[in-house]
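Chains as they are written, first to last, in our numbering: chain E, 25 to 608; chain C, 882 to 1270.
In case anyone wonders, no lab produced these hints; they're calculated from the structure. Even for Gly, the Cβ is constructed at its ideal location relative to N, Cα and C. Possibly wrong hints are sitting among the right ones.
[As the list claims (entries may be wrong)] Below, computed lysine-lysine pairings styled on DSS-like, alpha-carbon distance capped at 30 Å: (1) E:Lys545 <-> C:Lys1244; (2) C:Lys964 <-> C:Lys1120; (3) C:Lys1107 <-> E:Lys545.
[As the list claims (entries may be wrong)] Between beta-carbon pairs, the in silico distance windows are: (4) E:Trp515 <-> C:Ser1122: 36 to 46 Å; (5) C:Gly1041 <-> E:Trp515: 16 to 26 Å; (6) C:Gly1245 <-> E:Pro507: 41 to 51 Å; (7) C:Met923 <-> E:Trp515: 18 to 28 Å; (8) E:Ser397 <-> C:Tyr915: 28 to 38 Å; (9) C:Ser1122 <-> E:Met390: 55 to 65 Å; (10) E:Trp515 <-> C:Glu977: 31 to 41 Å; (11) C:Gln1114 <-> E:Glu155: 34 to 44 Å; (12) E:Ser574 <-> C:Tyr915: 51 to 61 Å; (13) C:Gly1041 <-> E:Phe148: 28 to 38 Å.
[Stated by the list, open to error] Chain C regions said to be covered by chain E (calculated; three or more residues, Cβ under 8 Å): (14) 923 to 931; (15) 945 to 951.
So the chains spell out like this:
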Amino acid sequence: MFSYIAIAILGISAMIGLFQKKGAYIGILAGSAYYIWSGFNPSDQMSYFVLIASLVWILVSLYSLSYDRHYGKWLASSMALMIMGMIIILQSTNYLLLITGWETMSVPAYVIVGMNKKESAPAFTFMMFSEFSTILIIAGAVFAFFATGTLFFTQVPSFGPLLLISLGALIKMGMTPFMISEWLPIAHGNAPANASAALSATMTLMGVFVIMRMILISPDVTWIGFLFLAVGSISILFASIYAYISENMKMLAGFSTIENNAAILSAMGLYLVASEVVLKQFIFATIIIFALSHAISKTGLFFSIGNSPGEYFGESDQPTSYTQRVGTMLITMSLSGLFPTLGGLATWMLLEAFFMEAYAGGVPGMSAIVIGSVIALGEGMATGSMMKILAFGNLFHRKLEKKQPPNHAVISGIGLLLIFLFAISIFIVSGTFISGIPGVLVFNGFMITSRFGPAVFGLISPDYVVILITAFSIAAYALFRKPRLRDVPVWNGGTVEVDPYTSYAYSNNIRLMLRRVLRTKTGAFGNAVTVIDVFWLIMTDIGKGYRAVSKFITLRVMNSSIGWYMIYMIAAFLVMMLIAVLAY
Amino acid sequence: MRYKFGEPSGRYIGHWGKYHVYADSISEIAPDGYNDLPVHKMAPGEFNFQYGPSTGGLMESVGITLTTPGELINSVAVDPSYKARSLKLKGKSIGEALLLVERINGFHAASNSLSFLMAVEDALDLEVTVEVQKARILQLELERIRSNLEVIKRLCEPAGFGVPTNQLGYLREKVSRIISGVAGHRFFFGANAPGCSRVSSSGINEKLSEVGQEFQRLYAGLLESKIFLNRLQNNGVTKDSLLTGPAARASGLRYDSRTVRGELPYMETPFYPVVREEKDCFGRFCVRGEEVLNSIDIIASLGSLKETVRTEIPKGSGEGCARLESPQGDIFYYVQLKNGSIEDLWHVSPGTLNIRAFRESMKGNIFTDFHFNWESFGIWISELGVVIQ
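So here's chain C without its partners, still in its complex pose (with noise of 0.2 Å):
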């Protein structure tokens, strides 16, 4: 196993449940500070007010509660036990986990699938070919593409920005078409298997060359619209180091999984990890606008892929774990085998982190800031209301 249990060794990762992942180690012991999150106070003045779980202005179902003496926002707490699902893993093949483990978060169903793979990989000590770990890279960046679109656009819909709203969506909608010609379905079902990935690469290039050049104009525009960077500007200014993915990167911190050797050959592409020093929800932004077209170069560099010939999942037993750059942040996966069924398997979501970042940076806002925070930081609750049985 790539990963050994003991003593806290590299950057935090995120934890699940008594274990707490590094970047170099699993540990039962918490970084300084993690569970130190200062309690508030109701002070005279103040109320709750609840925003969610089941209101407009939210992708998914999430109890926030805003405590507030008006206007100023001094304190956040987020539940999102709304969506929790319990998913009964365990004892079940490799083959029927995978099925529930894409559908985890279908928006970033490739992160999940390929992570848990890689896990599954490590534990039965499976060689994977160049090909494949490129159809992964590529599968991984059209996922990053569509959701970095998908968080601008949601960032431009309370800045009341209905044009660029719009042709984000027309270009998210262009990427989701994109994926399901290279892997025969939107959100990459069905497309990858241990050792192996059905994904094809052809022609895709030109068409995401479009959508790059699209995109530039309308992140341009964005660039250039006062009242747009008025409102991401200061707004949610994150203070601590335990942060992860583009919320790392716009503070930054050279955080990004994909620099990692040994996970996926990202170091013959041309990636850099796009970092920033703003802090806010506008250095968020910027990077996940930069990553878009990052990304774009990534996968052109890829060359044409093939799918690749599906093989014999063999029935062995052992440990493993994987960890890999979703959208939103590092997203890890821990598997035990025991003759080919799951016995064990948990996984760190980046939300973990990013809620944690998000609550931190709430305070001291106001409630117009509230949206744009929330959006900047690109949080899947589905992730998160997961119970693994």
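Chain E on its own, in the form it takes in the complex (with noise of 0.2 Å):
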């Protein structure tokens, strides 16, 4: 009941965002940090995803203070309406909620994609996925509601509403049609930086909050698991290819987040096959620590991008903020699943669920290693993408001469968030899997252990990693001092001329190696080499043809044909009850 009341806050905050757009921010942050307070139970696990989210959202409003300079009024207010739409989301008890949060919150996030005026294209592709969506989860609610005779969230015996839910939510995601698509990318690449953190960090993870609870409210369906994982693995792994190869940070940002809700789908796909109940409870923290860690993650990753000159790589610059520059590693480190960071505990945990089921044998322990690798390979893959921001947008080029916004506090403030986190990670898992050995001076609850029975597969000590990496280096420090450094100039064969070196080349292995499948093509358009994405060449073609046969049928059929108009109605009538009694 309480929880109700950070709605109302931020409907206010939305109001007052109309005339002061600082003070919508802050409404942001106090209505999030309430919402923490009023919604979120350590003992129940869904309501992690509301830490999750408001941690973000607090973020968000923090950063926005000192960003929203070139924006509009509407930046603010339309913030605060989809934040409320997706706290709706989050506490909602019944289908009709979760559709009106959904609704809540895609309408002002097509006001903000659609802030960019230089194109249009992003907010209306924005749009049409979102309705798609919509429809979707629509479609799955009737479902349930024919199944359970009820509009609440209850057991549903049958496995209808999960599918189409579940394909809802991950249109959301940026993983249907064809596995991935382009279209996450292009809208969250178009919306203002501190919009695309909420947008990439939290509306997506809307979508995995939404199948998670349809998971737990229906039959264990084992194909749906293996279509989670079929669907996951691939969109892992080119979503890190195109990660990779893209020119532009804020869409490599995006098909990062693609990566990382992928990497949450498979897991979800792990959670549905696996019949162990140790290694199910495993797999859901895993869920968990892997939404958290991308969640602030992503926020942090966009901030950063935010802060740059433009939003190309070739438009970048070194940011003066030697502290923006230490929490940009960071951020791209927890990305690129690396110790010590809360992404690498989210890495290690996701690989340790797939490597155990495989002891499970049969079918599924086969598909467990061998998506298990497509992940490893994924994030090997999406290393080289964080890198290439990391190199090419923090630390090459020259420096950037004019004052940074003091948001860059933020970032580095992520950074160590995500360390902390990390630190702290022992008290997110479950106690089940926490645990010690005091023989080597690692003490009871200081240890977290992968298992799937009685016996440990595998294990981290957080806190150790952190202590022993903090102590090395002080210890570094403390015997060493800061090292001599000797500035020499470039050697370049001799000669003076210098070209720097430049992230299109960075990545351009990955252009020729995967020339079939990327249809990459040299020289053409005036191009040195271009590629191709086939699944969105895919979708737009579908797109087009549906536009056509629309046209056809109703400018050649039903125009001013009453009759004709009269057997479509009807005609629809009897398909959506047939497929309601089907259903049923």
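Assembly of the complex is requested from the two constituent chains, each provided in isolation within its own frame, with the hints serving as guidance.
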């Protein structure tokens, strides 16, 4: 009940935003903080989504206080409304509230994406996919109503609602149709950076939340699990490839979002496939940790990109703020799955879960090995794309001369937060997986173990990782002090002409190696190398085909013909009745 | 003079300044398309990667600029000017000039000095004995063996083939010692003069036979290595016909100055032009490999050769030219003499055409192909960097 006050605060913030932008962001901050207090319950695993989303909104509002200078009054208000929609989703106890929240979230998001007046296509693309997503969720809700007789979230005897609503949620996560949808990077890449963070980190989180909610009230359907695994693994691979070759930093981050969401989807697929209860618990914990890691890291990444003078690598400059560079380094480390950040733990847990399932043998075991390997491959590629952002967006190039906005402190804060969350992850992961080995001075409560039975499969102690790295760093500094550096001019074969190495060149190896997949062409359209996103191509072709057929029927068949229109209405009604009866 | 100034006649050999040398004439007219190399316009995403002139992996100082969007090479520029040397030859006597000419490219000293001397002999209308001509074939073929061994060795290096690289280096050293025994100098310095040759072939056939056998084993081993062949096949495919030397013969063209009657009596030896159809690094590798074995057979057929008596160099006047098949292709010298002194002198190095072919063949290849392709042409920058004064 108290949580609905948070919705009210966000609604009021939206109105304040029309007159006072900063007031709206302070309202979002207050509402989010209040929502954590009222809506988060550590013993309820689903409430961790409340914590994750609220943390992101707090960071977004802090960053926006000094970012939102170039945008009008609508950005702050739309952000508040969008977040309000997400809280409605998180608070929903029935399908009607879920759909209401879904639309309340999507419509302001459309406005935000449309604020980039240079192009109108991204906003329309976003809206088209959003509405397709809503239609599937409505269809799933109708199905559930017919199956249970109520609109409340209760145990559903059929797999239909899970499948339909999951497909709807997956669209928001950028994964249907055709496994990877470029609409997400296009839309998220065209929004202002603070909104991109909210879209990429929390709107996609809503998809994870909705699927997880449906999984918990649906029967265990293994084939849907395999479907999730297939979609997830293919998406991981392709999203990481497209992220690696992207020259637009925001689109790179968007593809990275698909890749991370695909990893979470794979974990959800594994949750459905796995039969071992302890393993299921571990997978659930993995989903929470991965979602938390992705949400915080991606927020930081969009902030870092937002502080760059341009969205393309060629326009980027090394930020003068040392703390921002360190923050970005930690954020990219987390998104690369490296220790000592939360992303390292998330990736470790995900791979452990898959390799534990390998012991199940048979098709599930073999699938787990194959998909685990694909995930590892995707993570490797993700490291490459994150290093691209770190190197070409933050470390190389000339230094930014102009004064940086004070929000660079938020970016460095997020970097440190990822280490902090890694260190306290023992309090987030279920107690079933917390233990210790006192004999080697790893005391009880300081070790996370992966297990699918009584025996331990793998282990890690986040605190010891942090302590050891810190201790050795301090010891090295105490012993050797700051190393003496000697700057020498770059040797370039004895010549003075030096062309800087480009981000494009950095990722061109993949464009060339995967020329059959990416349809790489050289010298076309005056460009050195061009690639085609086959998924997007198929999708736009189908869209164009559908439009052509619709146009033909509208103009040639149904135009001014009430008879044909009546036939169409009756046929549509009969089809819907048939579907409903069959589903029931 | 064997060559006449006028209209282009025969296949193209190369150019020096305004002069374009053809198989049968010297002209100021360039062959069709020679000056039409497309100028590369930088496309979005491309940058220039500078390799050399002072860097590891290159035998000589040469500036290579690769225009690339990363990995892929879209255009190559080769700048040999870093090795520019001014040689003051005009006004010098033939003997003094010879000292400098044989040092233009020490590794191909026999080709340069013999071509120069044959041009002098043409200018002075000197008759050269068959014995001397055979001695010159001996030198040229020994030089070819060593040079081809060196190129094949350098092809093995970028593949990381340490064992064959060192074995080929060992064979090259053996050949250098044979040369030292034959000519009294590892690079034939001081072994030649107009009308005579101070080389002796006694006892070299057994040593060369050993080299041949060892090389055959290595060559067969390399031909069986899929890793090695993958790096050579379809790498650096040549497209046009303005080619010379092994690069031409690897592209199905029977271009070889040794087939020209009247220069040196190659037709009396088991010489045959090794021609392949591949057009790529592999073809050039095979041509050089088979030529090593053919050169050993040619030398064996020459019989025992002894030092010829040095003759007095006449102080005459005239102009002459000569063309020989050096290990990297046609080498041409033009000499104008006045009372025994050099009035004018210029030469055409096969490197000009080879660099042109290399540049064209490199387009569309990737970084890792670079070294194989560069080495397969066996280009010597030192010949190109010479400015004759």
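Do the hints match the structure? See the list:
For the hint linking E:Lys545 to C:Lys1244, the alpha-carbon distance of about 14 Å falls within 30 Å, and the restraint holds. Simply put, C:Lys964 and C:Lys1120 have alpha-carbon atoms about 28 Å apart, close enough for the 30 Å limit, and the pair holds. This hinted pair checks out: C:Lys1107 and E:Lys545 have alpha carbons roughly 28 Å apart, not beyond 30 Å. Distance hint check: the CB atoms of E:Trp515 and C:Ser1122 are about 40 Å apart, consistent with the given range 36 to 46 Å.
The hint said 16 to 26 Å for the Cβ distance between C:Gly1041 and E:Trp515, and at roughly 24 Å that hint holds. Evaluation of the 41 to 51 Å hint for C:Gly1245 and E:Pro507 yields a pass: the beta carbon distance comes to about 44 Å. For the pair C:Met923 and E:Trp515, the beta carbons lie near 24 Å from each other, so the given range of 18 to 28 Å is met. Checking the proposed 28 to 38 Å range against E:Ser397 and C:Tyr915 shows it is violated: the Cβ atoms sit about 55 Å from each other.
Take C:Ser1122 and E:Met390: their Cβ atoms lie about 57 Å apart, and the range 55 to 65 Å holds. Between E:Trp515 and C:Glu977 the Cβ separation comes to about 40 Å, which falls inside the hinted range of 31 to 41 Å. Here the CB-CB span from C:Gln1114 to E:Glu155 is close to 54 Å, at odds with the stated 34 to 44 Å. Checked against the hint of 51 to 61 Å, the C-beta distance between E:Ser574 and C:Tyr915 comes to roughly 60 Å, which is consistent with it.
Distance hint check for C:Gly1041 and E:Phe148: the Cβ-Cβ separation is about 54 Å, which falls outside the suggested range of 28 to 38 Å. Given a C-beta distance limit of less than 8 Å, the hint that chain E covers the segment 923 to 931 of chain C holds, as 8 residues qualify and 3 suffice. Here the segment 945 to 951 of chain C counts 3 residues with a CB under 8 Å from a CB of chain E, which clears the bar of 3, and the coverage holds.
In this structure, the hints that do not hold are numbers 8, 11, 13, in rising order.
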